[in-house]
Amino acid sequence: MKRRIVRFVLASVVGLMAATAWAVQPGNPAPDFTAQDTHGQTHTLAQYKGKYVVLEWHNRECPYTQKHYSSGNMQSLQREWTAKGVVWFTVISSAPGQQGYMTADQENSFLEKANASPTAVLLDPAGQLGHLYGAKSTPHMFVISPEGVLVYDGAIDDKPTTDTNDIATAHNYVSAALQESMAGKPVSTPATRPYGCGVKYAR
Amino acid sequence: MKPNHGFRRKGALLLVPLLSLWAAPGKVAGASGPHGAVDLVSEQTSVQPARPFWVGLRFQLEQGWHIYWTNPGDSGEPPRVKWGLPAGFQAGPLHWPVPRRIEDHSLIDYGYQGEVLLPAEISPPAKLAAGADVQLNATVSWLVCREICVPGRAALALTLPTGNGTPGPASPMHPLFAKARADLPRPAPKSWKVSANLDKYRFVLNVDTGIRETGATFFPLEPNQIENAAPQKASPSSRGVRLEMEKSDQLLKAPPRLTGVLVLPAGQGYVIEAPIVASK
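As given, the protein sequences belong to chains E and W, one line each in that order.
Residue numbering for the first sequence follows the working numbering, starting at 1 and increasing by one per position.
Residue numbering for the second sequence follows the working numbering, starting at 1001 and increasing by one per position.
Okay, chain W solo, but in the shape it has when bound:
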């Protein structure tokens, strides 16, 4: 990705982001970090006892800057969150929309540019004092890079009222969550047949989707399996697609399977697990 040369870099040497907090309707607190902003947003406007609901870390990044996917690729570090929740509340893991391949000095990273929401599910306890506010805290650390990398850290808080059991209107954030859900990889359909061969130099991933696919890109969930920077060679087959990927030099022995996200040309991602047959 070529940087926007007209853009003035702010605080490129700052290691600790300037933390400026603001209050928006719904008492959402966000922070401006290096080269972007991050805030904690909720899909619902109130918390109902025992009803899980979705929150998310929304990153809005300056032009050309990127953050990382759960497997960051050749370098970098994915965002991490430490939750501080009231008693009885639980948080599920962060969910990762389909990433992009991002070029970085002849290496390849997996990540996101522009705006991205990383959703997580919050489960409230069955017993909640009605009328009380609930405060959810999230300490977020991340790395944002363009031609240089800057770590970010923010302590975010989101305060929501407790409801009486009937969910209120969805928050204005709902379209953001709907888009994030659409961008999340789905489990591969049960009708798909997926397998992989591994020889001395490369993986060959065979995906039978039932119809001819014009292309595909694979994002591995495990590091050190494929050579991230090597171009992937997709060949359509009558019932799917065949994808050749160079093996990583750091792969010392054949893994039992290749797991990752297969993205088809329309942009939809599927989580696949391909058992591996090693051949020399």
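In isolation and in its complexed conformation, chain E is listed as follows:
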């Protein structure tokens, strides 16, 4: 337990140092983090070096999140890309008492009902991971290359609405970033304004 605390503190310090040394932006190394998932397992970004990693900021009660879940869009993206070896983390940074806050049990139950299949859901009620990455809205998507470089930061797609009808004609920035990176090409749209509800950090 003590070793875990020390590693956590070190990782946080490293994470903070990374954030001040370089801005969190596409082209720069993504800050390392340590976070716990809904099964009590700890994950760090560093342990996934060699794989693509997607971070998906989530609030199940936000109408923009609901757009992508009620339509099945987010779930199908999770399945499509995890099948190709991408590590997909759903992240919940809602503070206790704020909308979207979930206990591990509640979130596991939601995942089953929603038929969602991220690699894991990271619980971030203190908002540390959210603030480290500058997560602003739900959804807010980040794509990290196997070399640990942030290659995409922003909206899930180019239709910033709550209307599920817009999904079919939307250009999905996350899929585009993954496809282009996997093909060895530079990401054509590395940063966009994320759309959604504000992340419900502590007030």
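FYI, nobody ran anything at the bench for these hints, they're computed from the structure.
Cβ coordinates follow ideal geometry from the N, Cα and C atoms, glycine included.
Honestly, I wouldn't trust all of these hints.
[What the hints assert, rightly or not] Partial pick of chain E residues on the chain W-facing surface, computed with a CB cut under 8 Å: (1) A23; (2) P26; (3) P63; (4) Q98; (5) K136; (6) P160; (7) G196; (8) G198.
Guided by the hints, dock chain W onto chain E, whose structure is given.
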């Protein structure tokens, strides 16, 4: 903004607003949406051939709830309108009164609370059947937030009689339009000199208005340029004001200019375009 804790939230989980329509004098139809009401109002009481006139979306929001400016800031979505107009009629874009910075869980949004009118100009055709009524339809979608966000959607209709070419008396809505006009940002005076520097961490906006300004706030029209939540540092200069604003992490390369609304302490907003000199 702290919410009013005494206030009872209505239908916070409703995704589709209860649409209740009412008729007011002048056949204005409005709707109550989530946490407020929206209606389509006209400055004139009749439509004249070939004479443009102003209509507007009037939002009346419950205490503490806000809707968004054209650049909503860190999250949110501005109201949108789809017009359904009779043949020959055209609608101009929505105009945006000066917004406020609204705190939302340590993020910053740009928007409006209380009552706000978003005006738009309607241009009637030269040929209009006299004596016929004109119906203007507006399908409005918006997001209203406080500590949670609720989308709203309403189909509004406004029916106006056609006049004979002489405008009738202004509608009782005229004071509302006069206030909205006063709240709209003006183009910066031609005598102003505006420029900006950009270094690794921040923009420095230099505005020469000709007189010392005690403060200023900048609302960017483009997203991902400044860090919205970072406090802006205004320093008066002998002929204007200097404003330091943290750069957004999502800004990957220097834009050619900063465009937005500069609001001076008295509340008047000016649209400015500041060419940028990048320095490392």
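* Numbered hints the structure breaks, given as an ascending list -> none
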